[in-house]
Amino acid sequence: MAVAVNYPEHVTLDEAWGLLRRAFGEYAGRFAAKMEISAALGHILTEDVTAARNVPHYAASAVDGYALSAGDTAGSSFATPVRIKKDKWQWMNTGAALPDWADSVLMVEDSSLEGEEVVVYKSLTPSENVRPLGEDVMAGQIIAREGEEVSPALVSLFLCTGLEDVPVRRRARILFIPTGDEIIPREEWLACETQRSGTAAESNSLFIAASFKKWGYGLDVAPILPDVPQILKEYVQKGVEDYDVVLVGAGSAKGERDHTIEVLSELGEVLFRGVRMKPGRPAIAAKIKGKPVICLPGFPMSTAVALWSLVYPLLRLLAGAGGETRELAREALAVKKIMPTKLLVQHSSPAGIEEWLKMKTALVGGTVYSWALTSGASVLWALAESDGVALLPPSALECERGTEVDVWMTRDADLERRALFQGSDDPAVQLLVTPIRRRGADFVCRAVGSMGGLAALSRGECHVAAAHLLDEKTGDYNDLFIERFSKGQRWERLLLFYRTQGIIVARGNPKGIRRFRDLCTKDIVFSNRQPGAGTRVLFDCLLKQEGFCSERIKGYSQICTTHMEAANRVFAGAADAALGIKSAADALGLDFIPITEEPYELVILHEYLDHPGIAALLDSLNDAGWRGKVEEMGGYRWPK
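Residue numbers for the sequence shown follow our numbering, so the first one is 1 and each next one is one higher.
You may find that some hints are simply not true.
[As the list claims (entries may be wrong)] With a straight-line cut-off of 25 Å between C-alpha atoms, the simulated DSS-like cross-links for lysine-lysine are:
(1) 511 <-> 473
(2) 238 <-> 291
(3) 122 <-> 214
(4) 511 <-> 544
(5) 122 <-> 85
(6) 88 <-> 34
(7) 522 <-> 473
(8) 473 <-> 487
(9) 233 <-> 291
(10) 278 <-> 233
(11) 34 <-> 233
(12) 337 <-> 34
(13) 278 <-> 342
(14) 278 <-> 289
(15) 278 <-> 238
(16) 287 <-> 238
[As the list claims (entries may be wrong)] Each pair of labels, with its calculated beta carbon distance range:
(17) 384 <-> 64: 39 to 47 Å
(18) 113 <-> 53: 46 to 54 Å
(19) 400 <-> 8: 29 to 37 Å
(20) 338 <-> 401: 15 to 23 Å
(21) 351 <-> 262: 39 to 47 Å
Just so you know, these hints were derived from the structure itself, not from any lab. From a predicted model like this one, the values you see are computed outputs, not experimental measurements. We put the beta carbon where it would ideally sit given N, CA and C, even for glycine.
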């Protein structure tokens, strides 16, 4: 029998934020406090603040010079100087208190000192060069207003105006409760080189704590709880007694071990379950004993999105700050600027869902392009590698190449000095990024295969490509394809190295593969590369030479976009063999059967030879450190 649900499900992000605002708008009033002025930095004022003292609290000299009575300088000029006797002048440093008998200060530049007399070359008016009492701030003046954030300048001003503490909203005390039988504590994870399948490091608490530290908040982390409802219930109950906000990690889905929703329902009011965004969809919010409890999805990227779009806006609400949801999310991300871009590749987005994308950017031929990095709620690398984030609206659906997308830039990327590489995947090329950066430029790589790289170069969508495409008729490499794609453009070719291609198999070669024909005649599951990749072209040529059709190959349609991805399939047991380069096999300790040696060429549009990124690339090809690392990988030979 179905259990009745008395809370909203699958709400939009705006609806979720509206529910949080209505539930906890009044709760924010509990955070009002008097706070010592230094500790108040970054907090929101709950009242207008008035000065207790004048600033300055005395009449002060605004210059270096002589305190005088303005009447004694009447008629003075360079032509008709006036002499002031010793008892009618006093030397003043800037900021010094004016004596009671003086009403002005003569700049030292407008005078000379002869014995004990000051010779005056300028007539003064009363109060000239004098900072009057309360010139900056008058006692009783409003110096900061309700809702403003306490800045370093205000902290200093508060002291000068005689204030020891100010009325602010204190920051919320927050507890994070990680849950899950599969989660391994940090110390145990680092102590063991190998972990059992199905486990994961408890890394979310590090990400959350680091995010909170950037936002100026602390975080307490509970021990990892097993998937036992009663234990979670006890910790949540204790959490809402001792803390202002409780975050629960994982248990938000609908699996057998996901108990968070039932615990929150028993303890209080569930505000919503599920938000129509990707990732982050399983997020849950509840109100227990008047306090917010947010259940964060377990996957790292889902956790990050829920933090940006739900938790940070909630914290700002409790701190007394307002703002629209996306504005607050950008604030959480510390967005430096919003960059209009055009999509480099087509992207499909789910219907009716707001999708968060990790974006990389490049400037090519006057156009700023962007593309989404690896998606998925569990992907951490893409978040660390990205230049920023794009939030696609529910109406986005099919975004064709060239679609305009705003990227919230979280990184200072110097696009003028960044070169974009598209082409054949190779780990040696990936190693070039660091030496190029050491030369003051930047380099980003997209592994799209040899054919895809030449096509991108032809369309003006990259600065440099790479190819190793075999012409099955002549046995030559690249010539036919470069001629076909260049369409009369001047392309510069550079033979980077020769590399060994072969069959990657598990250590010990358990299937006894010795030659290419064995892939077609033995019971072998193969991991293939994408159409247009040079390795795929080689594989198809070898198939023809052996007289076999692709239907004979198990896994022919199992596509990988990089050598390391294909090698990982073999390493994980998802495939028995893959065609790839020796360095990929060596990196994972796999066996390798050499097949052929191929030339690997860089192809550069001539007009980009002076581009800072390309110039740094060409210089880096002679970098001794880079060459040493390539030689250590194995399977490469430098051209003579």
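Evaluated hints:
1. 511 <-> 473: violated, 32 Å
2. 238 <-> 291: holds, 12 Å
3. 122 <-> 214: violated, 56 Å
4. 511 <-> 544: holds, 23 Å
5. 122 <-> 85: Since the Cα atoms of residue 122 and residue 85 sit roughly 16 Å apart, the hinted pair holds (cutoff 25 Å).
6. 88 <-> 34: This hinted pair is violated, its Cα atoms lying about 50 Å apart.
7. 522 <-> 473: violated, 28 Å
8. 473 <-> 487: holds, 22 Å
9. 233 <-> 291: Status holds; Cα separation ~15 Å.
10. 278 <-> 233: violated, 28 Å
11. 34 <-> 233: Since the Cα atoms of residue 34 and residue 233 sit roughly 34 Å apart, the hinted pair is violated (cutoff 25 Å).
12. 337 <-> 34: violated, 35 Å
13. 278 <-> 342: holds, 21 Å
14. 278 <-> 289: Not satisfied, since the Cα-Cα distance of roughly 30 Å exceeds 25 Å.
15. 278 <-> 238: Not satisfied, since the Cα-Cα distance of roughly 32 Å exceeds 25 Å.
16. 287 <-> 238: Measuring from Cα to Cα gives roughly 14 Å; hence the hint holds.
17. 384 <-> 64: 39 to 47 Å: violated, 55 Å
18. 113 <-> 53: 46 to 54 Å: violated, 36 Å
19. 400 <-> 8: 29 to 37 Å: holds, 34 Å
20. 338 <-> 401: 15 to 23 Å: At 21 Å between Cβs, range holds.
21. 351 <-> 262: 39 to 47 Å: With a Cβ separation near 30 Å, residue 351 and residue 262 fall outside 39 to 47 Å, so the hint is violated.
Checked against the numbered hints given earlier, the structure breaks hints 1, 3, 6, 7, 10, 11, 12, 14, 15, 17, 18 and 21 and satisfies all the rest.
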